[in-house]
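Start from chain E and add chain F according to the hints.
Chains as they are written, first to last, in the working numbering: chain E, 1 to 710; chain F, 1001 to 1402.
Since the hints were derived computationally from the structure, they do not count as laboratory data. Among the hints, a few may not be true.
[Unchecked claim] Example chain F residues on the side facing chain E (calculated, C-beta under 8 Å, incomplete): (1) Gln1138; (2) Ile1238; (3) Gln1239.
Idealized CB from N, CA, C, for every residue including glycine.
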Amino acid sequence: MSETITYSVDGEGIATLVIDVKDRPMNVLTPEFMEELEHYADKLSRDDKVTGAIITSAKSSFIAGADLKELVNVFASGSSAAEIYRFSRSFSELYRKLETCGKPLVAAINGTALGGGLELCLACHHRVVLDDPKIRLGLPEVQVGLLPGAGGTQRLPRLIGIEKSLPLMAEGTHLAPARAHELGIVQELAANPGELMAKARRWVLEAGDPVQPWDKKGFRVPGGAGASRPSLAQTFMVGTALVARKTQRNYPAPLAILSCVYEGSQVPIDKGLDIESQYFVELLTGSVARNMIRSLFIDKGAADKLARRPKDVERVPVQKLGVLGAGMMGAGIAYVSAYAGMEVILLDTDLANAEKGRDYSRQLLEKRVARGRMTEAAAAEVLDRIRPTTDYAALEGAELVIEAVFESRDIKADVTRRTEAVTAETSIFASNTSTLPITGLAEASSRPESFIGIHFFSPVEKMPLVEIIVGEKTSDTAVARAMDYVQQIRKTPIVVNDSRGFYTSRVFGTYVKEGLAMLAEGVAPALIENAAKLAGLPVGPLAVSDEVTIDLQYKIMTQTRKDLGDDYVPHPADAVITRFHDDLKRLGKRYGAGFYDYPEGGRKRLWPGLADVYPPANEQPDVEEVKKRLLYVQSLETARCMEEGVVTEAVDADLGSILGWGFPPWAGGTASFIDTVGMKTFLAESERMAQAYGERFSPCEYLRDRSSMR
Amino acid sequence: MTDAFILDHVRTPRGRGKPDGSLHGITPIELLTQTLAALRDRNELDTALVEDVIIGCVMPVGEQGANVARVAALNAGYAENVPGKQINRFCASGLEAVNTAAALVMSGQADLVVAGGLESMSRIPMGSDGGAMATDPQVAFKTHFVPQGISADLIATLYGISRDDCDRYALESQRRAADAWDKGYFDKSIMPVRNRLGEVVLDRDEHLRSDATLEGLGALRASFEIPGRDGGFDAVAIQRYPQVEAINHVHTAGNSSGIVDGAAAVLVASRSMAEHLGLAPRARIRSFASVGTEPTIMLTGPAPSALRALEKARMKREDVELFELNEAFASVVLRFMQQLDVAHDEINVNGGAIAMGHPLGATGAMVMGTLLDEMERRDLSTGLVNLCVGAGMGTATILERS
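Isolated chain E (complex conformation) (with noise of 0.2 Å):
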């Protein structure tokens, strides 16, 4: 024993529980504490000596939740819904023991308790907490795909009452102290550790009530239970609505929260804990959550931590970084470089462009200090780090210099030579082009091994994922250097080989332009965007078009015919981009009229005249149809970037596709997509696709080969 808990009972007769889970930073609910826990529970119960107990933690953090890898192991498992039921059962039936064991039991809450860490907090009978800003407490788990499984859903609403309690278990909102404080979450703050224990012990002596409130004859929720009130009927009523909004019905877990609270709320607690459970085994059961839980939290993890970064290469922080071009991009990039520490030399051919970026960082600092994120000093430091400048002399010292130019060969050929005149052979170039292959454009390097892509997404201090692409030529040591710097800027990166549009941009090309093939095969307009919305995209084809600009896309669709020549395969979206250019002069967002229209200060709105342009088919498509087209086409394209070698890991283009352009962590990415719909149904469908809509539904041989993606 001794392994997570150590257990001391003082001359009073109080118990401390001092949690410790070993080898583990922070202390999360393996089996091991939870067997030992419930060996306590029996302790201080049959223990005559004992007069109550205080729980707390060794470490800086209480409980962080549950061990996440244990749950996805779970699902893995393939046990049976009855056997997953007693699994999860068994923690709730456990916290219920410690409150009913006949001792009173104080949380001394000293670091973070989230998840079933805050839950053994609801299941003793006082808590106080450390006011230290730092500290978080919640109920997290919505955002894996989870709810609070160990009696959340029925201790916080029969303790705060159910408006107050279900927002933060349907959005897993994270709160300091003093707000759990003033909730009524926990009772008592205590300015420092000593004082923690101390209001602890004395609530043990003082009050020291074994009971709760819930436990107690007459006991009702605060506030009323189910929906025995008009404004909790309005309450459910339209927070069902708005979680049918927000999930558009892909996430489950909002839902089983809603019905856990309604239902739980209405009988005795050990009922409320049993349907609790049932609505989480149905959680855990479902894909749903091994995606979220496996994509959002494992992989990124890992892809965080660098998990992919060649070895043996030293690591060198950047110090120095140069940004040529202090357009959106450019400008972007030196934001979110100053903001870690670097400092930046942002170089433009004008300098009124150059102080422009560096305004754009400006901007973003003022709002942070307005919103209190920052102090002014710290700002000031920040913004200081920026150099606009046009002399390339100043990128002298550059570890590592971003060209973000505009998408010219000759211009890039140009800032690359200036470039590699100034700065240190150990030095890395990078683009952040987003549609030349990374290959060619190194044909302009002395150093080609130092040539990589580096390739942010708009905009740049808001998108998590960073596409690091690794040219013919690039070594180790530059793909190394490229991680370790999206590492200082807190940014995921995934690595993945040249192609033309790489990986992010060529899957999401797919996406549009199948959105435009609809519209041209007479699919209603409203019914492309709206199943896109359904099937979990953030923005329907027809609005993002418009937001790259139909324009860009011209751009991008004659430059590629020109380089490849009679190998082009042309698509349907072709013609739908040609005509939006050519002859309707409809560019996009930026320049007012697109698919949409853009009426001054009013929401935008599908142009009118698509119907004349597009007349809609007198049958329309079924919506699940329309979405499985636009799902589909993205998972078929990164089969064939797998099978091309351009992306390697399935993980990598989970993430990608993911952080990249938001597909729907409910599929878990464009790979675990297919893995969820399931090789078989995956390949059947997809042919059958490619008779009615064309080759590019096709399967590649890798799909074919294979039984599942991961």
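What follows is chain F alone, placed relative to chain E:
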């Protein structure tokens, strides 16, 4: 099969369904009691012959709960051998009560039945009975629940019905209702409601707005724009109807039915019972039907229920000389007119619920009475009455005069 006949019907005037409404001081059971008493007294009915009292009521809770039909019958002094039951087909409850009474007669299981409806919306507000439909998250989610006003706006959006169309329809409803009152077309069926002193507290529908103008109607705020946007209901409706880009919110307090208090009762009998009572049958209940339709758009049941009732009667739409369709929302009637190719002068000729109000459980019996009175006035032989119903239903009845 025995034929079922309507011998008589009465209704209360409709009081504004607010605390300042004239009927707010009358308990719901008293409202129904006076109605049942009036039907008995004007027909000099031996109530011991009544084999059931069937009353539609949509919020059967509180003082309107626990089977108002039996309780009001007892309270009205009906013979104690008369049973009673309360039914709920939401907005068509009053008509459903008539249809159920007719079914009993037609099947030979009863010869004399009192049907009707009751709703005191000022005292038992909408939503008082709770229910899983809107508030149980599993149910509301699965069925794409949206409030009725969103459904009505969705109908307008899908079928090209504009705000102006709705306002013009509403204005005409007001004009027709005022005109019908002025000419005394409702006199035959209205029974004044009295207080304990026997004084009349209301003898005329008080929801009418004779001062309504198109400009005034046009200035009203769309009632469901905010819940649609902030409550997420537009999104839910669009999830079910993804061909819709945005919901066009056209309904206002001015072109939707009014919230009112009221009750109605109908005497249904076989021919032999009518002869025994010495009462002349006023119309035969030729056929009736209820249907279920898609619940999110909710209010498109009228046309299919009308068609089914016609089919049951082996009749065609052209056989119907006069229509009465409850004016729950202007778009409901306008859509029905599109679907069955009904001209405005064939339907709701004396106005409807937009002007006079819609006392949920009672309305079905009231509009049936309105249709019958007008058929008699015009000496027509065939009329069809129907209502749109919550949760996606419709109920229709065809009346025939010989």
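Status of the hints after comparison with the structure:
no., hint, verdict
1, Gln1138, "holds, 5 Å"
2, Ile1238, "holds, 6 Å"
3, Gln1239, "holds, 6 Å"
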